[in-house]
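Enquirer: Given the coordinates of chain A, assemble chain B onto it according to the supplied hints.
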Amino acid sequence: MAILTIQILNSLLYASVLFLIAAGLSLIFGVMRIVNLAHGSLYAVGAYVTAWLVGRGIALGVPLGWLFLMLPVGALVVALIGIVIEPLLLRPFYTRAEEYQLLVTFGLLQILEDLMRLIWGGTPLSADTLMDVLPIIRIGGLYYPAYNLVVIGVGVVAAVMLWAAIYHTKFGVMLRATSQDRRMASALGLNVGLVYVVAFGIGCFMAGLGGAIVVPTQAAVLGMGVDALVIAFVVVVIGGLGSLKGALVGAVVVSFVRTAGIQFFPELELAVLYLIAAGVLLVRPTGLFGTA
Amino acid sequence: MVAQVQVLRGRSALPLAAAAAAVLMVLILVPSYFDTYQVQLLIYGLIAAIAALGFNLLLGYTGLLSFGHSAYFGVGAYTVAFVAEHLGPHSMEFYLLVGIPIVAVTSALFGYICVRHTQIFFGILTLAISQVIYSLAMKLYWVTGGSDGLRVPRPALLFGALSFSGPHGFQQFITLYYYYVLAISVVCVLLLWVIVHSPFGKALQGIRDNEVRARFLGLRIRRFRWISFFVSGTFTGVAGILWVPLNGLTTPDVLYWTYSGEIVFTALLGGFRNFTGPIVGGIVFTYLKTYAVASTEYWQLLLGVVLVTLVLVLPTGIVGAMSRAGQRLRQRRGAT
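These protein sequences, in sequence, are chains A and B. First residue of the first sequence: 28, per the working numbering; consecutive thereafter. First residue of the second sequence: -16, per the working numbering; consecutive thereafter.
Chain A on its own, in the form it takes in the complex (with noise of 0.2 Å):
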């Protein structure tokens, strides 16, 4: 029974990370109609630059507990790179074939994974101290670090954070419209290009959040952000390309498929995840609650 906890605990951990992630893909692809193949690139930005804030923190003595604002700090960064990126590299694009779009999205890709080799090195950078300032908690019979919990309640405030601001706002508003009809929007006196531009930094925002407080549980390395963009493309694929509670429920299937996955037929486990990616596809290719 605590193991079965343990192992429910830990699919929440994986899907509020999951969901960081594929909100932020899903956010941009909604809003700007743009597949983000950088998107896994720039969740691994946000990890090292959360770890190497933290390791620069630890080596200048800060209080441990202050390094708990790196995580934010980690996030704003990506956000900002985000803000650059959109204006400079992705806008020229919008109104071409989404081909090209595809293709400077994974220049980008190649371009950020190498950037971090170039900045970080090849070895892996870790924050597990902010793990360890945390108690270890008693569930059951077991033993969970309390810093697991901690991640999942970021994820549900990030959601309900994301789907007030979306719903409930006057910018959310902006938003859906352009995303619904960007010339119609953009006739009623909307300023689409920075309803674009906040879009994708949001997008940013998340994954690098995603990145950042994921960094403690386990080191940032080379690699992360290209593996982590396929698992987030089955996400948003399995809930909807541009839905937030397709991104959440997608969240949510893949890492309690993944962990029974790795707990039961270990071989299977990512074929299964994209074999549920593709059967989804070819039943309802606009995903569980897409409307794309």
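These are computed hints drawn from the structure, not numbers from a lab.
Derived EDC-like pairs: lysine to aspartate or glutamate, alpha-carbon spacing no greater than 20 Å straight-line: (1) B:Lys122 / A:Glu294; (2) B:Lys122 / B:Glu68; (3) B:Lys122 / A:Asp254; (4) A:Lys197 / A:Asp208; (5) B:Lys122 / A:Glu296; (6) B:Lys272 / B:Asp236; (7) B:Lys122 / B:Asp236.
Far from chain B by the CB rule (all over 12 Å, computed), these chain A residues: (8) Gln34; (9) Leu96; (10) Thr150; (11) Tyr174; (12) Ser213.
According to the in silico footprint, chain A covers these stretches of chain B (three or more CB under 8 Å from chain A): (13) 101 to 111; (14) 119 to 125; (15) 271 to 284.
Yeah, the Cβ is synthetic: ideal placement off N, Cα and C, and Gly gets one too.
Expert: Same frame as chain A, but now just chain B:
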């Protein structure tokens, strides 16, 4: 002069055939003037060109962007590895004989599933399916060797007439394998040229340009796309089959989705709106990547910058840009 230009701009295939023959002559002479390493690189280039040509039937002529063509390349490569390990003769013809039907069946099967969608959903579906193959190759390590991959010994060519062992085996193999691959490339190029310029190829281009109108004309769109996918995957698979004996090893890397990205990159580099674009792209990309890897640890960064610049500045690729420059030159000459 003007009259001559107009003849050239007509539909005559003669100048094109002459140019192709000249290029072929140069390619045939390469091993006599360059060392083994350069010849080996050029084989990789030709193989990349076949893969990109096959891929481009789908992107350039049918208007479907596949992000999972690594699957067909990799299935070809792994088939050869399995054949070399478990079945009889180490003969290239035997590899092709077994490999081509298997990649053909694979691409027909996956194509049947994938062509139900277009645009971005098609791309993601191809990607998802190629990732299934990748994860199987990665995880079923007792069959596929996992991330270590499978080794493939040097095969004999021409039904065992030419086998390569002894001190100069490698050099001999490279030189003869070069001609072998060159001959197959020529066959592939001719086949695809015929396909593209046949009524079938024209129908594909019609579907690409206006799906609704093509449907009104009575074309069975999904079937055309399926056959195009099947042919495209098979050619890319042939490239995979040819690649393994040269590389001597196949790993799951050739099945990963980033490898599909490289195939897309190749086609774009040369120009996917031209028939010859992917050929140029395949060879240029191979050299670009080899020298980038040799000169810097951060070769991926370099390739990424090249790709982004290319998409921003030269969206029609090398061949597209060159033909446009040529056209402009001709127009100017016509004006004066």
